[in-house]
Structures are given as structure tokens and as C-alpha cells.
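A.B. asks: Each chain, written out:
2 protein chains.
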Amino acid sequence: MTRQQLIEQIQAKKSCLCIGLDTDITLIPHFLLDYPDPVLEFNKRIIDATSDLCVAYKPNSAFYESRGIAGWQSLIDTWRHIPSDCLSIIDAKRGDIGNTSTMYAKAFFDEKSSGMSFDAITVAPYMGSDSVNPFLAFDEKWVILLAHTSNEGGGDFQLLKTDDRYLFEAVIDKANTWTGSDRLMYVMGATRPESFALIRKHAPDHFLLVPGIGAQGGNLQDVCRNGLNKDCGLLINASRSIIYASKGEDFAVRAREEAMKMQKEIALELERYNSLHAS
Amino acid sequence: MTRQQLIEQIQAKKSCLCIGLDTDITLIPHFLLDYPDPVLEFNKRIIDATSDLCVAYKPNSAFYESRGIAGWQSLIDTWRHIPSDCLSIIDAKRGDIGNTSTMYAKAFFDEKSSGMSFDAITVAPYMGSDSVNPFLAFDEKWVILLAHTSNEGGGDFQLLKTDDRYLFEAVIDKANTWTGSDRLMYVMGATRPESFALIRKHAPDHFLLVPGIGAQGGNLQDVCRNGLNKDCGLLINASRSIIYASKGEDFAVRAREEAMKMQKEIALELERYNSLHAS
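Heads up: the protein sequence lines correspond to chains C and L, in order. Quick note: the first sequence, position 107, residue 93 per our numbering, numbers continuous. Quick note: the second sequence, position 6, residue -8 per our numbering, numbers continuous.
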């Protein structure tokens, strides 16, 4: 999915919601355990109940890998179920030396090789340019690079000062030399509202993938008011607060309600931004 | 495998060689393609031909993931074939927020959950303490944290100065507060001989996993003379130079010859260290 197509989806759906499929087999409704693949059944029903309200789905690779072969199969089949009008993001936080990153790219971008071809992958920056570039070698795929993450330890190194900048700013400045905002996004935790102005100095045009709303405590209005740009420029992720809204048979209905609540808040913020910036 | 058991293996085998199983199905001898699982067959023969010469095997997860379900099965079966007197390391470069790192730990440490239970995993530090600690919550397992990597981009961020230290030094200083040298190793590229003295200032006792010998151009003697400590303190990795020593039917014999060459060099360096430091 190109940047332009993503922007069109956001405008059509009045939403920049991304739903995180951090599907834990021990947390899904019990009745699903009777299905051949309970995780897949859960994901399908969540997707079917929410795909008009969001523009992206983000399976979290760890939750699938933890179940070995069975989990990997759930991941492949979940990818197949993500509708083509939604950006498919694999949250995998990969990154290694060049020939190894190429293999990771094949794992998630090359359907012939692995059975999956996501639109985008999250990548860790620590190993530098040649650990990221192999992902960009795949046409029309996105890299979503970790900048400033939502977790407590996200301050341990990302907030170290190098010269006059934080490390996460240095990461953005460097990565901006590798490719443009049509192939690269940054991860920016919703729990860091004070850093949004800073990130927008370094990456005014880029889309930011923003986790940390909901279970982690980030605030949607703060994120929008500090992060929106003329193309929206945000993908706001929620995982647990939507997918585990209920543990009963009504889980998909309740997930839809939670997603709609967020979509409506986002629509208001998009409208507010547009009216403030109307010429 | 405990630190003491690892040291005993090193002393018994006069070797600190780690063999990297970066097994690419397009690079293995053609006759193996007739086997039900060519990658597994290749790995088994490499392991059987070399396990008296090395103390660790390190499958590179990316090479298995790139082949989807089939690759994941090869990885599980390869793990089963690693003898118990060798440290089994999964080179996976994982790291994410706490609940997600716990899932990655289950993927590679919890046989009941995923079918595999490696002794050690490589972890990326960018997301900080709570991205690493979940791996340490598994008893008797090792974290091998990226410090200064062998690739060219390893300088992009790892060599940024924060106060009076490089970022990779700050990573080590911080990580040393999380656990001791009986559970934690550092990745230190062989292509960085000038940094070994520095890393030994911050981590005199830790084992260092050293990739970059062979195909990447690092020098074994330099690494030993700058990195050995009283317990050896090094795991020297070679992948391509050993496993692809021949593409013919003699590939395992040639792999053994290459491994033996390295083992002999290492044995000489261990002896040299001991005679220099004999009291």
C-alpha cells in the first residue's frame, strides 16, 4: 500500500486507527478453543467486526512465535485475512547484519518464500544502516523504525544525549538519509507526549506508528494534538483495550464498540485539525 | 548450561569455537535436496562432524523464518540435534515491551510452548531494561546482548558519544546493573579489535560472543589477544567459512577441517594466555 493509498483510506474512513493483534491464546474466550485454530478464529472475528473502522492491523509476531509451528500457521492465515484496504504491519522488531536482514525481509515480505507478504515491518535501529536497508530493497514495502518507544525502559538509551540531541533524534536524522517518508515511518510511544513536538521537528512529514494508548496509559487527544500533520501522519495503535474488551461470546461486538469509540475521537481530532488549518 | 559448565567444556575441548548455523537452502550441496528436510540434514551432518571441536552452536533464526513453516520445523529439529555438551544459542536479536519479550522468551526457551528450549538468545538493547529482563526471568538461560556489532552500520549509533562514553559502553554499564556475568554475555564484533580493550574495561569477566571472523574479515589472533580473560571469556563464532567450506559431497569433512583449523589456533592462544598469566 502506497502512502497516497494510505492517506485515501484515512480520509474515507475518518480514522487512523491501527488494531494490534497481540493475540494470547490464554486470554481469548474459552468457547473458541473448540475451533481447529482458536487464535485464527479470534483474529478473523475481530477483523471482520472492525475493518471499516481502522486502516491497519498489526499482528505482534512474538505472540505467534511463542506457540511454535501452530502459531506460525496462525500468523500466516491471519495475514491472509487482513483486507487489502488495510495496511498489514508485522510487529517484529527485527534487524541484523545485511544478509540476515535480507532473510528477515523474506520471512515477512516474500510470500513465495514464507507464505506471508505484509505491507510493513517494525525494525530496531541499533545495528545501523545496513541492518535496515535490506528491508527497503523490497519494492512498495514500509519500514517502521523504532524511535522513542512507549515502555519504561524506552528511556534507558533512547534518551541518552549525544551532542545536543537525544539518541532517538539521532536515529531519526540518520534514517532520514536512507529513504523518504513514502517508505519509512517511526515508532513513537503515546506515553511520551512531551517528545512529539521534538519528533515533528525531525520528521514533519513522516507517518508515526503510535503504540501505548489504552492499556499502557497514553492519551489519544494529546497524541493527535501534538502529532497530526496535513496528511494525518499518525497510525494510532490499540491492542488489548480493543481485542480483550470482553472475554465472553460478545467479544467481537465489544471490540467493535471500543474501536468505534476510538474512531469517533480520531474523526473529531482530524476535523479539528482541518478546521484549524483551513486556509 | 551454567557458566561453570561452559568453562569446563572450553577446558576439555581446548576450544571456544561457536559454529553459526546460517543455513541457506540455496547454498547447500544439491544432493541434499532429495532429503525430506534438506536444511536439517545439512545441519545434522555439520553438527555430527564438528561437535568435539566447538562448545556452542548458533542457528540464525532469520534463515529458518525465511522459509515459513518448513523453516520453523527445521529450526526445532536442529535444536533437538545439538548435543547437550554444547551451548545452544538462538541468534534472534529480539527485544520488545515486557509482555512481548516474555512471548519471545517462550518462543525460544519454553519447549512446552514452542517445541524449543535454547540455552541462550541474542537480544537487542534499544528498548531498555524491561525489554531484556523477561528473558532473564527464565532460570538458567542466558541473554547475549548486542554491544558493538561487526557490520559497517554498527558504527552508526553504537559509536555515538554520550557524555564521555560510546553508546555501546553505556549499554554495557546499564546492563551490568540488571544481572551478573553468569547470565549475561555481550556481542562484540571481531571487526572491532580497537574496541576490545574498551569492552574489557566495562566487562572484564563477561563472556563475549564474537562474530565477524572469516567471511566478515575479523582476525582470530587479534580477538584472542585482546579479549581472553582467566575463564577464556570468549565464544568465537564462525558461520559461512565453516559450513560452506565445500559445496560437494565432502562438505561435512571440509567443515570439520575448517573447524579444526580454528580450534587449533584457539588452543594455541589459550595456552599462550595461560603461560603468560601463570603465577
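These are calculated hints, taken from the structure and not from any lab test. Some hints here could point you the wrong way.
Because identical chains cannot be distinguished in the list, a pair is counted as satisfied if it fits within a single copy or across any two copies.
Straight-line Cα separation of at most 30 Å, DSSO-like style, residue types lysine-lysine; simulated pairs [claimed, not checked]: (1) 98 <-> 233; (2) 250 <-> 98; (3) 0 <-> 147; (4) 98 <-> 30.
A.B. asks: Each of the hints needs a verdict: does it hold here or not?
C.D. replies: Now for the hints, and whether the structure bears them out:
1. 98 <-> 233: between (36 Å within a copy, 25 Å between copies)
2. 250 <-> 98: Answer is neither: 39 Å inside a copy and 43 Å across each miss the 30 Å cutoff.
3. 0 <-> 147: neither (38 Å within a copy, 43 Å between copies)
4. 98 <-> 30: both (23 Å within a copy, 26 Å between copies)
In this structure, the earlier hints numbered 2, 3 are contradicted, and the remaining ones agree with it.
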